[in-house]
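J.: For reference, the chains in residue letters:
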Amino acid sequence: MSLLVVEGVSRSFGGLQAVNGVSFTVAEGEMLGLIGPNGAGKTTLFHIISGFLRPDAGRVRYSGEDLTGLRPHDICQRGMVRTFQVTRPFSRLSLLENVLVGALERAAHRREAVRIAEDVLALTGLAEKAGHMGHSLTLPDRKRLELARALATGPRVLLLDEVMAGLNPTETGRLIDLIRSIHGRGITILLIEHVMKAVMALSQRILVLNYGELIAEGAPEAVVEHPKVIEAYLGEGYSGLDV
Amino acid sequence: MILRVLAGAGVIVVLLALPYWVSAVWQNLLITTFYYAYLAQAWNVLGGYAGQLSLGHAAFFSIGAYTSAILAIHLGISPWLGMFVGAFLAVLLSLGIGYLGFRFGLRGFYFVLLTVASAEICRLIALHVPILGGYTGLFINFTPNPRQFQFQGKIPYYFVSLGFVAAASLVVWLIQRSKLGAYLLAIRDDEDASEALGVDTFRYKMLAYAVSAALTAFGGTFYAYYQFYLQPNTVLNLNHSVDIMIRAIVGGTGTILGPILGSLLLELLGEFSRTFFAGGVAGLNVAIYGVLLIVVVLFLPRGVYPAIVGLVRRVTGKQA
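If you read the sequences in order, they're chains A and B.
Under the numbering used here, think of the first position of the first sequence as 577, with each following residue one higher.
Under the numbering used here, think of the first position of the second sequence as 9, with each following residue one higher.
Quick caveat, the hints were computed from the structure, so don't treat them as lab data.
Warning: the hint list may mix true and false statements.
Sample of chain A residues with no beta-carbon within 10 angstroms of chain B, all distances over it, derived [stated by the list, open to error]:
# : residue
1 : GLN593
2 : ALA603
3 : GLN653
4 : ASN674
5 : LEU680
6 : GLU681
7 : THR746
8 : GLU789
Listed below are several chain B residues computed to face chain A (Cβ distance under 8 angstroms; list not exhaustive) [said to hold, decoys possible]:
#  : residue
9  : GLY84
10 : TRP88
11 : ALA125
12 : GLU128
13 : LYS187
14 : GLY189
15 : ALA190
16 : LEU193
17 : ASP197
18 : ASP198
19 : SER202
20 : GLU203
21 : ALA204
22 : LEU205
23 : VAL207
24 : ASP208
Think of the CB as a built atom: it goes at the ideal place given N, C-alpha and C, for glycine as much as any other residue.
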């Protein structure tokens with residue numbers, strides 16, 4: 577049974593059809609990659625799934641429930657949480673306080689929330705910086721913080737919007753390991769990613785979006801050989817894993 | 009720890025003894041300081057913690073002032089009770105403005121304009137509704153009776169205003185320690201990120217607005233029974249909302265001691281410029297006050313209190 581069902585979702589901004597009749601499903605425990613050129617509608621799709629935007633048509637169902645009309649915090653409280661492509665730390669709060677915001681809603685009391693937050697900071701390798709302020713973080717740490725805060729909400733589904741962007745290969749490698757271990761805990765993950773190395777390493781299945789439409793779907797190895805995908809996104813000469 | 013307790017006890021003793029030592033001028037100055045510290049603290053809940061700038065708090069202030077005065081004048085209800093009716097009405101108005109502003113996603117300047125407009129509407133109502141006194145304003149007869157919130161001499165007002173500041177600061181302290189406080193600071197820093205993490209931003213902003221409005225309305229009642237005269241162009245003037253806000257900003261928004269320090273500093277600056285520059289060139293003291301204000305904001309952009317905390321940390325070598 578599918579945990580997340582996206583049915584014919586469309587959304588336009590003025591004359592621009594950002595997302596056009598997109599349908600797909602995500603099974604519980606799956607790790608799904610979402611790729612496509614800039615402006616293909618990937619982030620818009622995330623906005624719709626996470627409740628930040630209403631679709632013009634279509635619906636999103638999560639765990640059997642229609643999410644249309646629910647606000648982002650409702651959706652988060654039901655177990656589906658997103659991160660932001662442009663990182664958004666709470667700049668005047670410490671890292672611990674940043675993560676606490678995610679943990680407070682599900683914890684019975686503050687002490688439990690602090691424990692959850694400390695666990696998550698340890699998992700994401702930020703424990704030593706718990707007292708640092710949000711505005712003082714480097715980009716890799718900001719990416720980790722996005723992930724840590726989302727994890728603190730205790731999600732079943734994690735929507736990751738380009739968590740690898742701007743990282744060097746070493747940092748990318750570390751983050752791939754981290755995401756894999758999070759997935760190993762049974763969390764379903766849908767990730768938007770441009771770093772093909774990460775997409776290929778992590779995804780069990782890949783969706784390709786172009787001009788708001790789904791143009792391919794399938795196993796990573798099959799999708800990168802797909803002529804439409806090569807034409808729209810990867811370009812001639814893409815040869816799999818070495819990018 | 010012992011040092012802190014001793015310092016706290018010292019501050020309390022000084023505050024309790026202070027009005028008996030100083031002249032009437034300084035008594036008045038201290039009352040005004042507490043009065044503005046209280047209003048700035050009330051504003052701080054919404055503007056400082058939740059980060060929603062209001063330039064219309066004069067509306068809640070005036071609802072508190074007029075409601076308690078009208079109820080006392082026409083129905084003989086003590087302002088001690090009337091102030092709660094005023095606070096209730098102020099909460100209703102805040103929820104109305106909050107609904108319009110927050111439900112329809114007005115942020116930044118647009119929310120500020122909404123609050124300004126709401127206070128302006130209240131001013132026009134107060135100017136044109138006869139029972140509120142209109143242009144002439146509303147006079148309250150002085151009958152020294154503590155049960156009617158009317159006191160002989162300055163000293164009782166000193167303690168009432170001190171109690172107001174202490175109570176508001178306690179409320180803010182409790183908020184800061186609670187889940188609400190953590191959420192408000194998160195909303196201040198990034199509303200969308202808070203919402204994505206499961207925080208019902210609409211609900212918590214409404215709550216902050218209601219608390220802020222209720223506290224502000226109590227301050228209005230204090231004003232009515234300290235001045236015994238309400239004039240719409242004074243109490244509902246935009247300047248009045250600015251006066252409240254500026255103290256929280258100068259002292260440091262989103263902190264408990266900020267509004268208190270801000271109020272004290274501005275009162276002292278005002279007194280200083282009056283003492284040394286009034287009487288010569290007309291308006292010179294106001295200009296000097298303005299210059300001093302600019303200097304303070306320029307050098308301490310985050311406010312006086314955070315600057316002091318930063319300085320202490322640097323001196324003692326402790327990390328944040």
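J.: Which hints, by number, does the structure contradict?
T.: 3, 4, 5, 6, 9, 10, 11, 12, 14
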